[in-house]
Amino acid sequence: MITSREWDVLIVGSGNAGFSTALSATDSGARNVLLIDKCPENWVGGNSYFTAGAYRIAHDGLPDILPIVNNVSESQAAKIELAPYAGADFSADMRKVCAGRSDPRLSEALIGDSNGAIKWLASKGLRFQLSFNRQAYEVGGKIKFWGGLCLRTEDGGKGLINDELAAAKRQGVQFSWSTALHHVERQPSTDVLQATVIVDGSAKAIITKALVFAAGGFEANPKMRSQFLGPGWDMAMVRGTPYNTGDCIELAIRDLDAKPVGNWSGCHATCWDANANPDIGDREASNEYTKSGYPLGLMLNTNGDRFVDEGVEMRNYTYAKFGRAILGQPDHVAFQVWDARTTSWLREEEYREERVERISADSLDELADKCVARGLHNKDQFLDTIQTYNKAVYAHRKEHPDAKWDPAIKDGLSTQSSLMKLALAKSNWALPLDKGPFLAVKVTCGVTFTFGGLQVDAYTAQLLSSTTGKPLPGLYCVGEMMGGLFYDNYPGGSGLTSGTVFGRRAGRAAAKAASVASRL
Numbered sequence: 220m221i222t223s224r225e226w227d228v229l230i231v232g233s234g235n236a237g238f239s240t241a242l243s244a245t246d247s248g249a250r251n252v253l254l255i256d257k258c259p260e261n262w263v264g265g266n267s268y269f270t271a272g273a274y275r276i277a278h279d280g281l282p283d284i285l286p287i288v289n290n291v292s293e294s295q296a297a298k299i300e301l302a303p304y305a306g307a308d309f310s311a312d313m314r315k316v317c318a319g320r321s322d323p324r325l326s327e328a329l330i331g332d333s334n335g336a337i338k339w340l341a342s343k344g345l346r347f348q349l350s351f352n353r354q355a356y357e358v359g360g361k362i363k364f365w366g367g368l369c370l371r372t373e374d375g376g377k378g379l380i381n382d383e384l385a386a387a388k389r390q391g392v393q394f395s396w397s398t399a400l401h402h403v404e405r406q407p408s409t410d411v412l413q414a415t416v417i418v419d420g421s422a423k424a425i426i427t428k429a430l431v432f433a434a435g436g437f438e439a440n441p442k443m444r445s446q447f448l449g450p451g452w453d454m455a456m457v458r459g460t461p462y463n464t465g466d467c468i469e470l471a472i473r474d475l476d477a478k479p480v481g482n483w484s485g486c487h488a489t490c491w492d493a494n495a496n497p498d499i500g501d502r503e504a505s506n507e508y509t510k511s512g513y514p515l516g517l518m519l520n521t522n523g524d525r526f527v528d529e530g531v532e533m534r535n536y537t538y539a540k541f542g543r544a545i546l547g548q549p550d551h552v553a554f555q556v557w558d559a560r561t562t563s564w565l566r567e568e569e570y571r572e573e574r575v576e577r578i579s580a581d582s583l584d585e586l587a588d589k590c591v592a593r594g595l596h597n598k599d600q601f602l603d604t605i606q607t608y609n610k611a612v613y614a615h616r617k618e619h620p621d622a623k624w625d626p627a628i629k630d631g632l633s634t635q636s637s638l639m640k641l642a643l644a645k646s647n648w649a650l651p652l653d654k655g656p657f658l659a660v661k662v663t664c665g666v667t668f669t670f671g672g673l674q675v676d677a678y679t680a681q682l683l684s685s686t687t688g689k690p691l692p693g694l695y696c697v698g699e700m701m702g703g704l705f706y707d708n709y710p711g712g713s714g715l716t717s718g719t720v721f722g723r724r725a726g727r728a729a730a731k732a733a734s735v736a737s738r739l
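Here the sequence shown stands for residues 220 to 739, numbered as in the numbering used here.
Among these hints, one or two may not hold up.
Simulated crosslink set (DSBU-like; lysine-lysine; CA at most 35 Å straight-line) [as the list claims (entries may be wrong)]:
1) 363 x 640
2) 589 x 540
3) 423 x 731
4) 629 x 598
5) 361 x 610
6) 361 x 338
7) 442 x 423
8) 315 x 478
9) 315 x 589
10) 377 x 298
11) 654 x 540
12) 617 x 343
13) 623 x 598
14) 640 x 617
15) 363 x 629
16) 478 x 343
17) 623 x 661
18) 629 x 298
19) 589 x 298
20) 610 x 363
Simulated from the structure, these hints should not be mistaken for lab results.
Construct the entire structure; sequences and hints are all you get.
See below:
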């Protein structure tokens with residue numbers, strides 16, 4: 220409910236970025252903070268609710284991480300191999316994964332504040348854990364973390380939002396659900412903003428000294444996906460909230476002169492269960508419809524051909540772009556395939572029978588027949604692709620007999636040797652796929668969030684004018700709505716970190732703006 224007409228800070232959006240802003244604003248002295256969302260209360264959390272709760276931060280190794288996690292015993296700690304992930308490492312990953320296009324000021328802020336921002340969240344009562352199930356393999360008696368990512372929130376995105384909501388309530392933040400921002404204008408001769416919101420169908424005017432946009436991208440809007448991401452993107456499945464439809468992005472550009480920026484044809488899109496609801500995420504299953512076990516096996520399209528190098532890089536650096544590759548395949552689907560060597564390494568939460576249709580068979584021929592019943596068009600090519608792959612794997616093994624498979628590093632086990640090379644390599648973790656029983660899972664493209672958004676000042680997250688390039692008084696933008704940080708791809712776990720880093724900055728700046736406006 221909206222209990223007052225005037226507020227210090229108005230925040231639009233109830234995901235991690237919005238909650239981080241609210242916590243920071245109240246920390247910084249804002250006394251009347253209102254957070255609104257057009258979703259009903261039972262949909263609180265935006266896309267953050269549907270994540271695995273992973274945070275990528277720069278750190279100094281295990282001693283730096285242990286004080287903020289709650290799931291490591293003394294005996295476990297002795298077995299953990301967790302190398303430091305320095306700011307330079309994070310920066311190198313941003314340059315590599317985002318094709319060198321990330322705004323350097325935003326990237327520097329993200330990396331430099333990452334460690335402190337997450338420790339700040341922990342001080343607010345958020346429960347962090349080492350991500351054993353997603354980011355570590357036990358190899359040779361050691362628990363090896365890989366891919367520069369080790370932290371997650373307890374119970375993933377669900378736990379993240381529950382903890383942030385509880386913290387915001389403790390700090391006196393007010394909420395109004397089923398409340399959509401309709402219009403914003405500046406009162407004449409002042410920096411005070413008047414916002415019109417629609418609450419359960421009725422218009423209501425709000426006066427606020429600062430407004431923070433945290434309302435997500437346009438990933439749940441098939442029209443905007445087709446317009447900006449390109450043809451066929453209306454067929455992508457929505458992984459998360461159905462309420463991120465780009466309304467606030469369009470409002471800010473149209474009514475407030477906000478400057479659009481970034482990779483408008485880019486998005487985070489991953490391998491997704493082909494049997495999921497195409498239009499809306501499942502709040503119970505949440506992130507479990509992700510199917511990220513492809514580095515352990517192969518992916519083939521309905522023509523029976525491979526179309527990506529499943530082992531080109533650690534999963535953290537490929538999963539957000541392989542959904543796009545699947546969308547470009549015939550029928551927008553593919554089959555992930557494994558044999559008995561690696562099925563036990565698949566994450567249970569993604570591949571257990573209760574969560575996914577497991578296509579099992581004792582032979583490859585039987586597996587192909589079952590895949591034909593589920594949309595595979597060319598059985599012979601499917602079998603030929605796998606058999607040719609197997610020959611290439613054995614040729615590499617013959618040339619490199621001492622090479623060892625290790626899923627925690629880029630192990631160099633490949634299909635490429637002087638004896639035989641595939642036109643499309645599998646560059647790492649290439650084991651033969653010829654030991655029954657076999658398993659396949661049908662996947663499609665699940666869109667997570669879009670990369671195009673609004674330009675902000677990196678220090679304050681204040682919106683910049685499209686006309687003048689100068690900061691727009693009292694207006695801020697964080698989370699998915701902020702453009703210029705990610706291009707083409709993103710390092711796994713950096714999205715939530717961005718929401719917290721820039722939400723924290725926006726909260727401080729908005730509280731300061733509100734304080735100045737109160738004195739005028």
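Practice problem: Could you check the structure against the hints above and give me the numbers of any it violates, in ascending order? | Solution: Violated hints: 9, 12, 19; rest satisfied.
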